[in-house]
Amino acid sequence: MAKDDLRVNRAIRAQECVLVGYDGQQLGNYAVSDALEMAQRDGLDLVEVTPKQAVPVCRIMDYGKYKYERSRKEKANRKKAGKIETKEMKFRPKIDVGDYDTKKKHVLRFLGQGNRVKITIMFRGREMAHPEQGLSILEKLSSELEDIAVVEAAPKMEGRNMFMTIAPLPEFVKKSQEEIEEKQTQGKNSRRNREAAARAAEKAKQAEGGQDA
Numbered sequence: 004m005a006k007d008d009l010r011v012n013r014a015i016r017a018q019e020c021v022l023v024g025y026d027g028q029q030l031g032n033y034a035v036s037d038a039l040e041m042a043q044r045d046g047l048d049l050v051e052v053t054p055k056q057a058v059p060v061c062r063i064m065d066y067g068k069y070k071y072e073r074s075r076k077e078k079a080n081r082k083k084a085g086k087i088e089t090k091e092m093k094f095r096p097k098i099d100v101g102d103y104d105t106k107k108k109h110v111l112r113f114l115g116q117g118n119r120v121k122i123t124i125m126f127r128g129r130e131m132a133h134p135e136q137g138l139s140i141l142e143k144l145s146s147e148l149e150d151i152a153v154v155e156a157a158p159k160m161e162g163r164n165m166f167m168t169i170a171p172l173p174e175f176v177k178k179s180q181e182e183i184e185e186k187q188t189q190g191k192n193s194r195r196n197r198e199a200a201a202r203a204a205e206k207a208k209q210a211e212g213g214q215d216a
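Position 164, counted from 1, in the sequence shown is what the numbering used here calls 167; the numbers after and before it change by one each time, with no gaps.
By construction, these hints were calculated from the structure, which means they are not laboratory data.
Computed from a prediction, not measured in an experiment: that's the story for all the values here.
C-beta: ideal position from N, C-alpha, C; glycine also.
Treat the hints loosely; a few may be bogus.
Pair by pair, the computed Cβ-Cβ distance ranges are [as the list claims (entries may be wrong)]: (1) Glu40 with Arg75: 26 to 36 Å; (2) Ala156 with Glu184: 27 to 37 Å; (3) Glu185 with Gly27: 22 to 32 Å; (4) Pro173 with Arg16: 30 to 40 Å; (5) Asp104 with Gly31: 51 to 61 Å; (6) Glu211 with Asp104: 49 to 59 Å; (7) Glu181 with Gly24: 28 to 38 Å.
Model the full structure from these sequences, guided by the hints.
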């Protein structure tokens with residue numbers, strides 16, 4: 004048996020199992036031989052999904068379909084992981100508080116999407132004489148984001164610009180995506196509620212018109 008594979012049908016060694024039906028319903032304890040007969044009667048497979056328990060859990064399923072869908076999901080995840088982009092956000096060494104907060108929000112949005120962010124401090128004219136002003140901005144930003152991002156490339160001066168690259172922590176990306184999905188769900192539910200209210204109001208109006216007639 005391969006490391007990532009599950010025991011299927013006659014490869015299951017246990018004598019007894021907790022059986023889960025094709026629809027996900029828990030059916031209780033069964034002899035593995037009886038559970039296997041039930042699965043094969045419907046042209047399905049018996050799969051040992053939690054083998055390390057004293058009494059393993061087995062599920063009736065289409066194992067070929069399960070492996071295909073799992074493979075598709077893994078490929079999609081790898082493809083998604085490979086699409087990490089590097090965004091850029093530019094600051095000036097004498098940036099005011101309002102602009103700083105606005106740009107920081109954009110940085111947070113990029114990080115929440117799973118992207119690296121290249122922070123660029125642009126110096127002009129006499130500002131080149133005070134690189135410490137740009138460095139202080141980068142240090143301030145990295146300090147404020149230390150719970151959600153790590154510095155991948157430390158501050159470095161090149162020509163008239165100073166750069167730093169930060170990358171999001173996985174837990175922050177996950178939390179951000181969950182919040183986005185929750186907002187989308189709430190938006191859909193709100194729209195459905197408005198549509199249902201509009202239909203109810205229309206029906207009430209039609210009923211009232213019928214009574215008047």
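If you check the beta carbons of Ala156 and Glu184, does the distance land in 27 to 37 Å? Holds - the Cβ-Cβ distance for Ala156 and Glu184, about 31 Å, lies within 27 to 37 Å.
Please check whether Glu211 and Asp104 have a Cβ separation lying inside 49 to 59 Å. At 53 Å between Cβs, range holds.
With 26 to 36 Å as the target window, see if Glu40 and Arg75 comply at their CB atoms. holds, 31 Å
Kindly confirm whether 28 to 38 Å is satisfied by the beta carbon distance between Glu181 and Gly24. holds, 30 Å
Just to be sure I understand the hint, the distance between the Cβ atoms of Glu185 and Gly27 should be within 22 to 32 Å; is that true here? holds, 24 Å
Evaluate the given range 51 to 61 Å for the C-beta pair formed by Asp104 and Gly31. Given a distance of about 58 Å, which is inside 51 to 61 Å, the answer is holds.
Does the hinted range 30 to 40 Å hold for Pro173 and Arg16 at CB? Given a distance of about 36 Å, which is inside 30 to 40 Å, the answer is holds.
Of the numbered hints given earlier, the model fails none.
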